[in-house]
Amino acid sequence: GAVVSQHPSRVICKSGTSVKIECRSLDFQATTMFWYRQFPKQSLMLMATSNEGSKATYEQGVEKDKFLINHASLTLSTLTVTSAHPEDSSFYICSAGGSYGYTFGSGTRLTVV
Amino acid sequence: KQEVTQIPAALSVPEGENLVLNCSFTDSAIYNLQWFRQDPGKGLTSLLLIQSSQREQTSGRLNASLDKSSGRSTLYIAASQPGDSATYLCAVGAGYNKLIFGAGTRLAVHP
Chain G
1 GAVVSQHPSR
11 VICKSGTSVK
21 IECRSLDFQA
31 TTMFWYRQFP
41 KQSLMLMATS
51 NEGSKATYEQ
61 GVEKDKFLIN
71 HASLTLSTLT
81 VTSAHPEDSS
91 FYICSAGGSY
101 GYTFGSGTRL
111 TVV
Chain R
1 KQEVTQIPAA
11 LSVPEGENLV
21 LNCSFTDSAI
31 YNLQWFRQDP
41 GKGLTSLLLI
51 QSSQREQTSG
61 RLNASLDKSS
71 GRSTLYIAAS
81 QPGDSATYLC
91 AVGAGYNKLI
101 FGAGTRLAVH
111 P
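Chains as they are written, first to last, in my numbering: chain G, 1 to 113; chain R, 1 to 111.
Same shape as in the complex, but just chain G (with noise of 0.2 Å):
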């Protein structure tokens, strides 16, 4: 079935650093990322749709110039949070597909320090 493959899992980095986190689908062509982050005990929230080869489509209230997502081929997607403080320590869930079903990477936890 799809793979979908994250990483790194974790990361830990200093306030005001950028962190790069990875997404790429394995054995499938995803035009299509989808980028959510989940806060101790709550729901997924999507914060972005990541397009081939185009901008990225933001949610509401999610900032573009923090949260910079590029997807320059069809198997990788990237999300780069930048300039990090502590409130941006979360969990970060990439996902690819579509009306017949969705796959999840495994997640990366980002502590900022």
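These are calculated hints, taken from the structure and not from any lab test. C-beta atoms are modelled at their ideal positions from N, C-alpha and C, and glycine is treated no differently. The reader is advised that the hints may include incorrect statements.
Under 10 Å between C-beta atoms, here's a sample of chain R residues computed to sit facing chain G [to be verified]:
1. 4
2. 9
3. 32
4. 36
5. 38
6. 41
7. 45
8. 87
9. 89
10. 99
11. 100
12. 106
To list a few chain G residues with every Cβ distance to chain R over 12 Å, as calculated [as the list claims (entries may be wrong)]:
13. 73
14. 74
15. 85
We have chain G already, so just place chain R on it with the hints.
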């Protein structure tokens, strides 16, 4: 705006019980509905996907139903086991392949 609600928020049961997890959504114009399992600190595992034209799907001890007109879905787990302990998430497929999630039901099955 589509809103998804899951009840109960948490559930603790002894092994062997049959369970029903509930999911409701405010806008019946959905493309599909999917149930996921999430283990602590992990990603999501897809359990069942119900297309908008379908009424239910079954996989092993799991059965999910969908009633679009009333905005409800249920996940039935038969003969629960400790390994079923996890958070169960309901998500509706909205436009542009977006998924809108409920807050989940945290299930604990004790021996």
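We went through each hint and held it up to the structure:
Hint status for residue 4/R: holds, given a least beta-carbon distance of 8 Å to chain G, under 10 Å. Using the Cβ-Cβ criterion of 10 Å, the hint placing residue 9/R at the interface with chain G is satisfied: the shortest such distance is roughly 9 Å. Taking 10 Å as the C-beta cut-off, the interface hint given for residue 32/R holds, the closest approach to chain G being about 6 Å. A hinted interface residue such as residue 36/R counts as satisfied when its beta carbon comes closer than 10 Å to some beta carbon of chain G; here the least separation is about 8 Å, so the hint holds.
With a cut of 10 Å, the hint placing residue 38/R at the interface with chain G holds, because the nearest CB-to-CB distance is about 9 Å. A cut of 10 Å between beta carbons decides the hint on residue 41/R: the least distance to chain G is about 7 Å, and the hint holds. Satisfaction of the interface hint for residue 45/R is found here, the shortest Cβ-Cβ separation to chain G being roughly 8 Å, below the 10 Å cut-off. Contact between residue 87/R and chain G, as hinted, is supported at the beta carbon level, the nearest pair being about 9 Å apart and thus within 10 Å.
For residue 89/R, the shortest C-beta to C-beta distance to chain G is roughly 7 Å, which falls under 10 Å, so the interface hint holds. The beta carbon of residue 99/R comes within 6 Å of a beta carbon in chain G, closer than 10 Å, and the hint placing it at the interface holds. Because the smallest distance between the Cβ of residue 100/R and any Cβ of chain G comes to about 7 Å, under 10 Å, the interface hint for this residue holds. At about 8 Å, the closest approach between the beta carbon of residue 106/R and any beta carbon in chain G falls short of 10 Å, and the interface hint on this residue holds.
Chain R leaves residue 73/G outside its interface by the beta-carbon criterion, the shortest separation being 19 Å against a cut-off of 12 Å. With 12 Å as the threshold on Cβ separation, the claim that residue 74/G sits away from chain R holds: the shortest Cβ distance comes to roughly 15 Å. No Cβ of chain R approaches the Cβ of residue 85/G within 12 Å, the least distance being about 22 Å, so the stated non-interface status holds.
The structure shown violates none of the earlier numbered hints.
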